[in-house]
Amino acid sequence: MMEADVHFELLWPEFLVAGLAFVIFTLDFFLRPERKNILAWVSVIGLAGILAFTIPYLLDENDSLFNGLYRIDDYALFFKVLSMAIGGVVILGSIHYVNRYLTHPGEYYAILLLSVLAMMMMAASGELLTAYLSLELLSFCLYILSGFALQNKKSNEASIKYILLGAFSSGLLLYGIVMLYGAMGTTSFAEMAIFLEGIEDIDGRLLIGLTLLIAGLGFKMAAVPFHMWAPDVYEGAPMPITAYIAVGSKVAAFALVLRLFAEGLLPAIEQWNVLIAGLAALTMLFGNLVALAQTNVKRMLAYSSVGQVGFLLMGVAALSTLSSNGLMVHLVGYSVTNLAVFFAITAFYNVTGKEEIADFAGLASRSPFLAAAITISLFSLAGLPFLAGFVTKFYLFSAAAAEDLLWLAGVAMVASLISLYYYLKVIREMYINPAADGEGSTIQIPGLLYGLVGILVISVILLGVYPDPVVNMIEDATAVILPGGDASTLNLR
Amino acid sequence: MVGVVNGIDSVLLFTLVATPFFGAIALAFFPADRHVLIHWYSRIIAASGLAIAAYLFITFDTSDDLSKYIVDFEWLPSLGIRFTLGLSGITVPLVLLNAIIFFGGVLISWNVDHRPKDFFIWLMLLVAGVYGVFASRDLFFLFFFYELAVVPMYLLVGVWGSSTDFGTFLRTKEYGAMKVMLVLVAGSVLVWIAILAMWMEAREITGIADFSIAGLSQVEFSDGFQKLYYPFLMIGFGILAGLWPFHTWSPDGHVAAPTAVSMLHAGVLMKLGAFGILAVGMVILPVGSRFWAPTLIGLGTVNVLYGAISAMGQKDLKYVIGYSSVSHMGYVLMGLGTLDILAVDGAVLQMFSHGIMTALFFAMVGVIYQRTHSRDITVLEGLGKRMGITGVFLAVAGLTSLGLPGFSSFVAELLIFIGTYRTYPILGVLAVIGAAITAVYILRMLGKVFFGPIDEDKWKDLTDANRMETGVAVLLTGFLLLWGLYPFRIVEIIDSGVVPIMERFGS
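Residue numbers (the working numbering), protein chains in the order written: chain A, 1 to 493; chain B, 1 to 507.
Chain A with its partners taken away, still in its complex shape (with noise of 0.2 Å):
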């Protein structure tokens, strides 16, 4: 193809994401310690600009460049605006924790926009090496911030084990790459799909790079039985990051996954749909039932979040128009709770510098808005009525059950009513038991988080009473990967 082909302006969001990423960098060496905190509202206020610009300028673009490896289109632009307010809300809720509890604020806040920038070109990438090296870039962020606490052994321990980890799984995914590679001579999305529909079986190269690639995939974003690093990472990451690892590094594996399911494996659904919907089963239950068992919040969240892969993992299963709105619908359902629960308890964490569940005794005294909050934000997780996650939830569970498989909802209701004892169990700790001796001052938490969480929470809220301003947008993303449903009525005559 030819250089003039190419329309490199479409690019200018990554560009200037990657560009405020130096320009925090370069700012760095210019603040006095005591004014880093201008960083993060360069970041901020930077980020919020380039979506503005964003959103009018590649909306209803379709475009790809560079033979198809990279993509203009609105599922990309979707993902694209998700990504940044994600990557805007941690940074804003980094704040005081960077500020009590970390060191080097400059590459704290450059690294996070450079993982914002992977995961805008994983909801991109129209081929597999382009999407592996989008996956690399975020990763490496992720080692990094989540050993960002440089005195903290926790935390080193996370981010190695988060690497020896990280770096198996990059190796499984590539070596299942060569595999895909070798038996269709493509690593194009749109190419494999032609290549699959024109086969009758699948050989056994195909398999084992299709089982490869889920795998490798899987440890992206901590499926059972890959997910043994989640938990000690979660636990170990300062705990912005953990919010992030938790929320940003899910949407963009499943903004991948999505689209490399539906525009080039959807052929072959017979073949891997099983194998997903296995792993669907095994993964809600897994991580919800050892969820029961942890005393730690963070990594009680930890499993609670492999948990809901599980349920975004049905959504694949389920591969469908209506069940690829159903998993958006349910990812931004569960980016705004998470990132409410995970703000509040930073909060929470700034000023008592305590993480068990245990410790949130007494919170509806101490702090009353906290303690709403998080139980406002855990309901939600569990898919009580008026919150998000029931909204999103009701329709991803119908999107599964539309395509066969009201076995796996039924096992995803059971899973999440298993959730919903852990959950209670925190709120009994802040509702019923009384603060422990000595720890019954009130919590004073800064207007920045105050603001935050609450704008998060009431996110949570609206998604939960008319969600359906997002559902049409989703409707829009889904309409580019998967062309033929019919997005408006989903009737099938």
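Calculated directly from the structure, the hints in this document are not laboratory data. Please read these numbers as outputs of a predicted model, since none were measured by experiment. There's no promise every hint is true.
[Stated by the list, open to error] To give a feel for the contact side, a few chain B residues facing chain A, derived at Cβ under 8 Å: (1) G158; (2) W192; (3) Q314.
[Claimed, not checked] Label-pair restraints from in silico Cβ distances: (4) B:F30 with A:I461: 18 to 24 Å; (5) A:P225 with B:Q218: 53 to 59 Å; (6) B:S63 with A:P434: 41 to 47 Å.
Heads up, the beta-carbon is just placed ideally off N, CA and C, and yes, glycines get one too.
For this one, chain A is given, so just place chain B on it according to the hints.
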């Protein structure tokens, strides 16, 4: 949003559902230490609900077109979800029941001084959920409100409830709260599976994604499908109705809950379950419900006898009433299981009548517990000498419970017995035996607590029910007598709702 609102009656219905919900949100912004203000605010919210419900009930015309109550908005078109509210002859009395018990519950909670703001917020959300279930005409929202009615239970029981000491072991309020919440949500999982299955199957058959009850009831589901999925609805809703052997949450939950919550819980929440079986299960899956009707009526009979026999063995006043609720809900389930118009009418009337009666019971037990800090029948001997008014109303509730003519339960149970005789004579006899056992434990309890010898020293400072509590008791007793002496109007209304459902069974 594309919507339809059909005149003043539908606006009132919407207001009825919305008032406690927005009332709860507004209450969140009240200063937490203004207890008197919070109590009066809650009373006004409850009273306005009662006024609307009473208006809807009184003006309900059985010959009228029900579409005047319809509120309909498009909500999530891609799944076929609409926000639709409506009324029928079955739901009008139940909505009124909820309004009465909410009002009574708020009044009886005059003594709640531990975080009253939070208490009333959760109580209002619970009530909003119940109104919503009765009024919803769309399965998504029915399920939505169903869960909303369950959620507040956890904190209401866990924070404001009370623990029971059995000597050898302790049933804590935390245990009760967790048990209620998990069991009820487990029930809702079964309901959810059935809802999704029906939605999916209807979409395959008609090609239209639709969650509305009216739409789904037009779909010709295959017999096999109906027989497979009806039990999910029957057991899922049945759990909330206290269906044996899934009833164990109910006594534990009632006992641990604070008075107002016990009243709402036994009085209204359990009715949601029976209502679900009737208004969802039997309406959408008639073949399935006919197939499983013998099982339902059989389990209902076990409910009646098992609940009554268990109640005989209890020493704690609230456990007696808790098991008596299990027993009385058995009559409701039996009535539904007969698929006989008379008996189903009776079942719906029994829902209403048992709701009022059990609320009166719990209100009076709450009065006693607040003053004596005990619910142990053996400790509370001879209280009648000090608490005459309480005793009278407890006796009223007791006599209603054992089906004394003149009170509404008599009418309801009579209808159920007749209907059961016509269909399953042997079970009809067993049901009457259940009523006889009821007489045994009720009279034993009344005799012990009110007419035994009193420990003069221990109870010398005991006071009787105050004006507020007496007022609640009079209100509830009034309804028991009203429907007992003049049941024709309410039976006519109920009948107008039951007949269209029963026509589908050809009876």
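So which hints don't hold here, by number, going up? 3, 5 and 6
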